[in-house]
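Student: Here is what each chain is made of, one letter per residue.
Protein chains: 4
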Amino acid sequence: MTNKAMQRAYEILEGTTNDKITKSFQIFIIILIAVNVLVVIIETEESVLDEYGYLFTPFEVFSIIVFTVEYAGRITVCKLNPKYQHSKYSIIRFLVTPMMLIDLAAILPFFLPFVVTDVRFIRIIRLLRLFRLFKLARYSEPMQTLGDVFKSKAGDLAVAFFILFIVLIFASSLMYHAEHEAQPELFSSIPSSMWWGVITLTTIGYGDVYPVTIAGKIIGAGVAILGIAVYAIPTGIMASAFTEELRKKRDQKNNTCPHCGKDFTHT
Amino acid sequence: MTNKAMQRAYEILEGTTNDKITKSFQIFIIILIAVNVLVVIIETEESVLDEYGYLFTPFEVFSIIVFTVEYAGRITVCKLNPKYQHSKYSIIRFLVTPMMLIDLAAILPFFLPFVVTDVRFIRIIRLLRLFRLFKLARYSEPMQTLGDVFKSKAGDLAVAFFILFIVLIFASSLMYHAEHEAQPELFSSIPSSMWWGVITLTTIGYGDVYPVTIAGKIIGAGVAILGIAVYAIPTGIMASAFTEELRKKRDQKNNTCPHCGKDFTHT
Amino acid sequence: MTNKAMQRAYEILEGTTNDKITKSFQIFIIILIAVNVLVVIIETEESVLDEYGYLFTPFEVFSIIVFTVEYAGRITVCKLNPKYQHSKYSIIRFLVTPMMLIDLAAILPFFLPFVVTDVRFIRIIRLLRLFRLFKLARYSEPMQTLGDVFKSKAGDLAVAFFILFIVLIFASSLMYHAEHEAQPELFSSIPSSMWWGVITLTTIGYGDVYPVTIAGKIIGAGVAILGIAVYAIPTGIMASAFTEELRKKRDQKNNTCPHCGKDFTHT
Amino acid sequence: MTNKAMQRAYEILEGTTNDKITKSFQIFIIILIAVNVLVVIIETEESVLDEYGYLFTPFEVFSIIVFTVEYAGRITVCKLNPKYQHSKYSIIRFLVTPMMLIDLAAILPFFLPFVVTDVRFIRIIRLLRLFRLFKLARYSEPMQTLGDVFKSKAGDLAVAFFILFIVLIFASSLMYHAEHEAQPELFSSIPSSMWWGVITLTTIGYGDVYPVTIAGKIIGAGVAILGIAVYAIPTGIMASAFTEELRKKRDQKNNTCPHCGKDFTHT
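Chains as they are written, first to last, in UniProt numbering: chain L, 1 to 267; chain G, 1 to 267; chain C, 1 to 267; chain U, 1 to 267.
Excised from the complex, chain L in its bound form (with noise of 0.2 Å):
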């Protein structure tokens, strides 16, 4: 490939600028990611297999063509990119990147099956064909905003999941103890009561698992009660962090100079 062409490429491959042809580009990888998430879905259906399985091959190798040509190009034309210049060994630094990983996992499923032939495994590696869903990152705002909440508050949710785990151990204990003689198939150890304990904390409930005894009951309700409180804090954090990180991006855009079209948020 000439210099120019190879700019080119990389111009349209990682969306550095506007013209018609990146915009066209994009648009048809985001359509043919969501294509290929239905299908994953839908090929589940039986009349549905039934009646269009004949479509699903063709299509699924069509599909890899592209994202294989993607992700080539992508490798290609990374030296490009300031950020990979400097050593030989930064192109690994580039394939290990959480993106250049997913898309490696969004065309493995067809390849691997080549090479592993157990069909355990098989199965296993088709579901990572899902995973096609989060090469929608690199184009989604929504995605990337919540990637941002979550790095920006990892800190506050891994408090909040810790002590949601330490409540969560000791009220399945405490329900372990209360209950395994009068139900000792559905609380037959702690690790199985703490199905009931996520089941309740989350306040989902769905009834396959409760308390009968009264001593069960009074954990119960006091494990519902308090739970309250502890449930109500990864709740808050993501929720203000989301209405915040959602802030700050209309900021930063209402912050860009009508005339210049400059940022001026930190002037």
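Hints listed in this document are in silico derivations from the structure and should not be mistaken for laboratory results.
A few of these clues could be false.
For identical chains, the list gives no copy identity; a pair is met inside one copy or between any two copies.
As the list claims (entries may be wrong) - Mimicking DSS-like on lysine-lysine, the simulated pairs with C-alpha atoms at most 30 Å apart in a straight line are:
1. 88 with 4
2. 249 with 151
3. 23 with 151
Following the hints, complete the assembly by docking chains G, C and U onto the known chain L.
Tutor: Same frame as chain L, but now just chains G, C and U:
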């Protein structure tokens, strides 16, 4: 109609004045809508239908006459509305405004059966009568507030629901693969597993579908705990937006000069 | 009663002073109410009734005597209250204040059976004894805070619950039409479908009623997901209003001059 | 022990210095606690007990030795702590601090069976081993944050839970009277109806108890809808208090002068 009568009809129908007749007309329409909705609801109760059923047809005819006259009236006087005076197509622009479409949907269920005679179609059309509820939107401040919240936060909510949808697809696909073999009836396909996903992520948890395998329970617990965080996002957006909107409305009322009655918010 | 004795009785009953006798009287009444409520609750437990049942009647008589004397006392001294001194009808205005009606409801269950002898009526009246719980409102800051929150946010909550109600009607009607044929017992009419609606929109999800048809599940999923947003509104209003109210109360206490004890909030 | 050795032991046990040995000791204790809790949990799993059960007794003995030495050590060096140097009773004051009681509870389950021989008592005592989890509180910032939140909002939470309790009593009593006749087993008394009340007000909704009569359903719907508002109060308090506390801690860290390392929050 003389110009004066039309002007008066316009005032009454659009509520631009505050006199007694306008008020009475509005209250009459509000009550008529409320009673109509009540009838739609209670006529499904067999005991009510048996005893008072003979009253429902005349009441329906009466309501249709009033609503049709109102609808025709609004079309007749619409040219007095400055917004719809400019071109000859403005009447069509007026007819497709949301409120006029609701008004049409409110009378359509009566007239359509004369045209279409398919029984199943008529049954669905009868459901349309429920849309009369939305005629209230013209008069109800709460519904306008809700509408304003949805409009002002449309972008944020779209982001939140998109994320919820991604999480839903992912959770349902994983659960399908974990539970399909153990419960082929309930987790027959990914789309049918999404019923489990929605009922779990919203913490409703009816208990008609839940994982029974260990893998399924671990995935379910993970979805429940992480789902907390995602579920909190639209909740937080709506709650804060609504509180904000109500405060804004109150401030607007308070920011009116008590002497001259003029708004001094933005001066 | 001499004027002085009446003045003293007024002080004690209304808690205008802070002396030992007033405090003791208040604590005595609070304990009496608490024990009364406890009795109403545990006397429904058969084993308790069998063993301690003979104590309940004398305790009830004792309580009634105290509460009746208290009620009569409050009426006697009410003319010392500046708010009820103006006209001769002021005593009636005093009798219909919420707290006096609660006091009346607290003693009525004992006296009414002498007048009415219908057994079913008496059973309902016995329930009235639970209203003694609300006598606590005179002494309990939390209940006053809750009352203040409901008063200050009455408008907002009315709006939120009105919207919830509209959503409920709409969701239940749609679900009725989708599920009536498949489950004629559970979705027998729109009013009976509203039980499903309430239990779903509040995310309780007992699992006694849930959609089984595909149309019903799609509607149910939509209601669940959009219901999140609507359900969040009253939740958010209450949570923020309560936090605000508690802060306000604390600020009021902190805004008292530590030297002269006077409030300097609005100076 | 020489004074110097005691001083060193004090530094290591209380973590007043930041050297390698202190750090290693802390990490060793944290891991030992974590493994202990893990053992308490997984030894209830029969398959694990069968295979690895022979390891649990030596590990328990090892843990007890370490925790006992640690406990004895803390008592020995406590006189070096300025807070407990004043009187001869200060050692008793030290022994009843929450953390020392937790440390005692962590070793008691091992020694008590030598004194008491009642089997049922021993089983409950074994549960005490779970309190070792709280030994983590000495080292875990999240648990300290949660503790601080509970302390700083104790009053507000007490108010919120008191209100929740009043609502619970009222709802359960009403439901008992509505459902007792139709479901005498499930709503056998008001205390037993409170199980329904807790599971409904917390929106868990297992589905083991729910109203079946029309009166019961109407009361249940009312409780569900109004319960939203009450349930939101402790949730809101916890969520905002926790976010606030985390921000406060972060601010404290940020308010340290980067040059001299001193806090300049309140200067």
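Student: Tell me, in ascending order, the numbers of any earlier hints that this structure violates.
Tutor: Per hint list: zero violations.
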